[in-house]
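> Here is what each chain is made of, one letter per residue.
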Amino acid sequence: MNLLISIIVVSGLVLLAAGIAASHTASYALTVVAPYLVFVVFLGGFIYRIVKWAKSPVPFRIPTTCGQEKTLPWIKNNPVENPSGFWGVFGRMAQEIFLFRSLFRNTEVKIIDGRPIYGSAKWLWFFGLLFHGSLLIIILRHLRFFTEPIIPCVNALSAVDGFLEIGVPALYLSDVALLAGLTFLFLRRVIIPQVRYISLFTDYFSLLLICGIAVTGLLMRHFFPADLNEIKTLAMSWIIFSPVVPQNISVVFYIHLCFVFTLMAWFPFSKLMHMGGVFMSPTRNLANNSRMLRHINPWNAPVKVHTYEEYEDEFRDKMKTACLPVEKE
Amino acid sequence: MKKNKWGMIALGLVIFLIMVTFPFWYGKGSKTPPPVLSLDTPVIHEMKEKRCVEDTSFMRANHMKMLNAWRDEAVREGHRQYTAKDGRTYEKSLSGTCIQCHSNREQFCTRCHDYVGAKPTCFNCHVVPGEVNK
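Going line by line, the protein sequences match chains D and Y. Every letter in the first sequence is one number past the one before it in the numbering used here, and letter 115, counting from 1, is 194. Every letter in the second sequence is one number past the one before it in the numbering used here, and letter 10, counting from 1, is 108.
Derived from the structure by calculation, the hints contain no laboratory data. A virtual CB, placed ideally from N, CA and C, is assigned to each residue, including glycine. Hints should not be assumed to be uniformly reliable.
Stated by the list, open to error - No more than 30 angstroms apart at the CA atoms, straight line, and that leaves these computed lysine-lysine pairs for BS3-like: (1) K217(Y) <-> K183(Y); (2) K149(D) <-> K103(Y); (3) K131(D) <-> K103(Y).
What the hints assert, rightly or not - Covered stretches of chain Y (chain D as the covering partner; in silico rule of three or more C-beta atoms under 8 angstroms from a C-beta of chain D): (4) 151-160; (5) 198-206.
The following block holds chain D by itself, in its conformation from the complex (with noise of 0.2 angstroms):
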């Protein structure tokens, strides 16, 4: 159901970027006024919702940890997966960001004999770092849209991804990797039932999107040419706040264009927010330091207490008489 809702949308999208394409107004609308409507939503929306984290109380450490504390010093510690300081939650942070660390601690569980057994399973953890590292270098990529003179790293990686020269234009090897990541991620949510269970229409649309933006951008590539020249043109007439709305180009470019600004304005709200989520993550930016520092809870109530001493002062005549032993005389 929550597929069949997504696989609409999507559908949706696409017979309304041929509708705009069709109309000059909703060109223009989509080339001249979304472009930056779209920026100002993705960006406004990320701060949003990154100061509206950072706003929620982390009073304590979360030690989920992977490894020994550090603690007396004959006993050996994992200062990465248990990090006591700064430069720990550094290497934890990064492992997480580069490597995926967590998802390379993903188990499968079977239940054989009657008895669960747990096995590793990490192909999650690499078609998703396929993934993402593809989808990082499509888009540098796209810099050669953005900038003029062109940064020639930019052309550098490019000539990198496309070594194979598969093809004229040559086929760019991160896309084939985007595809088989999404296929994937994707195939994995239909075929397996408990995954399937807990699948929600933001799980299939943002698969579904990001999908459609790399289908189109194929289609544009290698089998129905759109006009490079007048669509950097357009690119590059936004980034000079001076937008034109392009003549003759292909409906392809229209629907790549929709998905594309519908992800950027749906990503600050959506569960794509892991972007910027996964550095506010407590379990993993917090060191675990909860021996070696006090954490007091800064809305704790103020209590009222009377320690030992205080009674003791209080009571030492009546304990003395009571035989009782004191600490002071």
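Put chain Y on the given structure of chain D with help from the hints.
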């Protein structure tokens, strides 16, 4: 990390903003016009009706597919004759057809390709006589 939490978050957001707005300040807002394509070659000058192999908008978007098809057909199947939509015929050849008319490759093909970041490798082999490889 607790005490400088807001400092870290502000730093992160600033880095994020700088990265996503990169194109805006990279070009420093200067206007870069699309490349001027020069058709100023002897062969094109002599043409009465200035026409490419197919019509211009088709060529602009599809010439790479066309060249790829030409290459495969010429080299693998031996069909070296191309009949355009309007009936004129051309030899399926890169340096023998395209570069005959567009002999100013640097001011034509390359200018356009540099603008969109296309780097065809064809001319590593298809050397144009008289051209100095830099």
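> Quick check: the region 198-206 of chain Y, covered by chain D? Criterion 3+ residues, Cβ under 8 angstroms.
violated (count 0)
> With a cut-off of 30 angstroms on the C-alpha distance, tell me whether K131(D) and K103(Y) pass.
holds (13 angstroms)
> Between the alpha carbons of K149(D) and K103(Y), is the straight-line distance 30 angstroms or under?
The given pair, whose Cα atoms are some 23 angstroms apart, holds under the 30 angstroms limit.
> Given the proposed pairing of K217(Y) with K183(Y), does the C-alpha separation stay at or below 30 angstroms?
Holds, because 28 angstroms separates the two Cα atoms, which is no more than 30 angstroms.
> For the region 151-160 of chain Y, does the count of residues with a C-beta closer than 8 angstroms to a C-beta of chain D reach 3?
holds (count 4)
Violated hint: 5 only; the structure is consistent with all others.
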